[in-house]
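Peer 1: Sequence:
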Amino acid sequence: MDNISRIRNFCIIAHIDHGKSTLADRLLEKTHTIKITEGQMLDDMDLERERGITIKSHAIQMEYTAQDHNSYILNLIDTPGHVDFSYEVSRSIAACEGALLVVDATQGVQAQTISNLYMAVDHNLDIIPVINKIDMPNAMPDEVEDEIVDLIGCDHKDILRASAKTGEGVDAILEAIVQRISHPVGERHSATQALIFDSLYNPFRGIIILCKVDNGFIKKGEKVELFNTGMQYVAEEVGVLKMDLVPRDVLSTGEVGYIITGIKDPTEVKVGDTVTSTARPCEKAIEGFQEVKPMVFAGVYPIDPNDYENLRTSLEKLQLNDASLTFAPESSIALGFGFRCGFLGLLHMEIVQERLDREFNMDVITTVPNVSYKVFDKQGNMTEVHNPAGLPDPTLIEHVEEPFIRASIITSTKFIGPIMKLCLDKRGELINQEYVSGDRVELHFLMPLGEIVIDFYDKLKSISKGYASFDYHLDSYRPSKLVKLDILLNGEPVDALSTLTHESNSVTFGRKICERLKDLIPRQQFDIAIQAAIGGKIIARETVKQVRKDVTAKCYGGDVSRKRKLLEKQKRGKKRMKQIGNVKVPQKAFLAVLKLDD
Numbered sequence: 001m002d003n004i005s006r007i008r009n010f011c012i013i014a015h016i017d018h019g020k021s022t023l024a025d026r027l028l029e030k031t032h033t034i035k036i037t038e039g040q041m042l043d044d045m046d047l048e049r050e051r052g053i054t055i056k057s058h059a060i061q062m063e064y065t066a067q068d069h070n071s072y073i074l075n076l077i078d079t080p081g082h083v084d085f086s087y088e089v090s091r092s093i094a095a096c097e098g099a100l101l102v103v104d105a106t107q108g109v110q111a112q113t114i115s116n117l118y119m120a121v122d123h124n125l126d127i128i129p130v131i132n133k134i135d136m137p138n139a140m141p142d143e144v145e146d147e148i149v150d151l152i153g154c155d156h157k158d159i160l161r162a163s164a165k166t167g168e169g170v171d172a173i174l175e176a177i178v179q180r181i182s183h184p185v186g187e188r189h190s191a192t193q194a195l196i197f198d199s200l201y202n203p204f205r206g207i208i209i210l211c212k213v214d215n216g217f218i219k220k221g222e223k224v225e226l227f228n229t230g231m232q233y234v235a236e237e238v239g240v241l242k243m244d245l246v247p248r249d250v251l252s253t254g255e256v257g258y259i260i261t262g263i264k265d266p267t268e269v270k271v272g273d274t275v276t277s278t279a280r281p282c283e284k285a286i287e288g289f290q291e292v293k294p295m296v297f298a299g300v301y302p303i304d305p306n307d308y309e310n311l312r313t314s315l316e317k318l319q320l321n322d323a324s325l326t327f328a329p330e331s332s333i334a335l336g337f338g339f340r341c342g343f344l345g346l347l348h349m350e351i352v353q354e355r356l357d358r359e360f361n362m363d364v365i366t367t368v369p370n371v372s373y374k375v376f377d378k379q380g381n382m383t384e385v386h387n388p389a390g391l392p393d394p395t396l397i398e399h400v401e402e403p404f405i406r407a408s409i410i411t412s413t414k415f416i417g418p419i420m421k422l423c424l425d426k427r428g429e430l431i432n433q434e435y436v437s438g439d440r441v442e443l444h445f446l447m448p449l450g451e452i453v454i455d456f457y458d459k460l461k462s463i464s465k466g467y468a469s470f471d472y473h474l475d476s477y478r479p480s481k482l483v484k485l486d487i488l489l490n491g492e493p494v495d496a497l498s499t500l501t502h503e504s505n506s507v508t509f510g511r512k513i514c515e516r517l518k519d520l521i522p523r524q525q526f527d528i529a530i531q532a533a534i535g536g537k538i539i540a541r542e543t544v545k546q547v548r549k550d551v552t553a554k555c556y557g558g559d560v561s562r563k564r565k566l567l568e569k570q571k572r573g574k575k576r577m578k579q580i581g582n583v584k585v586p587q588k589a590f591l592a593v594l595k596l597d598d
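For the sequence shown, position 590 (counting from the first letter as 1) is numbered 590 according to full-length UniProt numbering, and the numbering increases by one without interruption.
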């Protein structure tokens with residue numbers, strides 16, 4: 001489109017389950033972009049529909065004739081709302097000039113709403129606040145309106161009220177997008193600069209680059225270059241994003257669209273890179289794009305060792321659709337060859353595992369998740385450790401620093417006590433608490449990230465009956481007394497079950513793991529000793545008793561020495577078996593460590 005003043009690029013930011021995807025459906029319906037056949041048209045992944053969450057950001061173009069009788073192009077980039085997918089949100093925000101801030105009229109402002117809002121404000125986006133679900137019987141639009149005014153300092157008249165379910169107020173939202181969101185700024189005749197905000201993988205056409213053109217234009221058939229890698233390709237096809245890809249001859253300044261170059265290697269396209277034209281090259285890349293920071297690390301191993309290369313290919317293809325996934329090869333004595341993967345959180349880890357199974361038919365074992373630690377040796381050198389096996393000898397370590405997060409929890413006042421106890425038990429430190437409205441309070445804690453990656457979110461939801469919302473960001477690294485907890489089976493360490501834990505709860509944690517493994521490891525023909533050890537010191541032990549055949553069953557009466565002779569023979573056989581026997585650890589055992597309190 002040549003008239004840049006008629007383009008509006010915007011995203012929808014909200015907490016999980018505040019009606020974001022339903023509102024996107026209504027906007028598509030009102031602009032006659034598509035006919036809605038079922039709910040959440042942009043959530044096209046099976047997993048998204050099953051769980052009722054948005055995992056991938058989606059871009060789609062709408063055409064809207066406003067009340068001033070002019071026709072406008074609206075580019076919507078739908079974003080996820082869960083705390084684990086905030087990276088997807090940051091990428092969407094970087095490609096927009098405005099945002100709809102959607103708040104549920106029944107729940108009010110939640111933690112993730114605030115987090116995503118701050119991200120949008122940092123990028124100088126025009127914010128349009130919308131109160132959704134006003135048709136619900138328990139809606140409190142007046143109270144929620146006061147909360148929004150306190151949060152962003154706007155006037156009451158600036159806040160729109162709508163119901164994405166019934167369509168009420170959606171026309172006003174479309175008008176507000178046109179009137180209140182700025183059009184993109186850029187020079188059509190200057191050097192070409194386009195920001196890659198996402199990429200998709202198509203097995204036939206290769207990598208599809210999704211980008212927003214900041215300056216210049218990209219024509220079909222011309223040579224383009226990726227700024228950071230310096231690789232050159234031919235733009236075989238360019239176009240805009242509707243429900244399908246719609247080819248065009250040219251992508252102009254301010255437009256959001258796609259480029260197909262036939263790239264087959266997933267590692268060549270980096271989200272956040274700048275696409276430029278070789279005929280009109282730019283001098284510098286587009287700034288202000290945030291790098292991905294994995295928070296949780298876990299080993300991912302194929303159940304069949306021969307699937308190692310297939311797993312690598314699957315992870316590379318998955319990384320194209322999920323730029324926040326990072327991985328590097330590693331090996332384990334217990335599990336063979338696999339990959340150390342970096343995730344944004346536990347839900348992200350679960351989704352990746354599920355997608356590997358569904359989309360690539362890969363059966364994998366995931367080890368206990370860890371965070372990254374900074375280990376300082378006696379010479380003052382620092383190494384970053386993502387895996388307990390990578391921890392140096394304790395005698396060489398000066399101190400270990402672990403990542404601390406600044407957590408924000410919004411909840412009802414009646415749950416303050418149990419939530420505070422949960423956070424303090426996890427070595428949390430209360431910074432302050434603020435009352436958001438009548439009976440809702442926001443708690444700020446400083447907590448070790450390692451304590452929240454395993455089961456914190458589930459416990460928080462059950463304690464608060466689902467009414468607490470949680471958000472966090474990395475604060476700093478702090479010295480901590482951490483120890484490496486090893487699990488030994490018959491004296492042999494199982495490296496995949498090793499964890500780094502705080503000295504204060506190491507004994508309790510070790511005991512729980514031993515008790516859980518005792519229930520999960522199948523009985524053998526010999527006793528299996530399960531031990532938890534810190535260095536050379538055993539801190540807990542359980543025994544899986546042997547399966548014993550009654551070898552004296554054939555003795556009917558007679559001298560007792562006959563029975564003793566048979567039992568001695570069995571004892572010698574079991575001793576020999578124990579020397580050559582190996583213990584098979586079922587996959588459930590690796591997952592059991594995550595759910596010790598169930």
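Please keep in mind that the hints were generated in silico from the structure rather than gathered at the bench. Among the hints, erroneous ones may be present.
[Stated by the list, open to error] Ranges between beta-carbon positions, derived for each pair:
1) P392 <-> T278: 46 to 52 Å
2) V149 <-> K219: 57 to 63 Å
3) V547 <-> N138: 27 to 33 Å
4) K569 <-> L396: 46 to 52 Å
5) F204 <-> N381: 48 to 54 Å
6) Q232 <-> S462: 50 to 56 Å
This one's a predicted model, so the numbers in the text were calculated from it and none came from an experiment. Even for Gly, the Cβ is constructed at its ideal location relative to N, Cα and C.
Peer 1: Please flag the earlier hints that this structure goes against, numbers listed from lowest up.
Peer 2: 2 and 3
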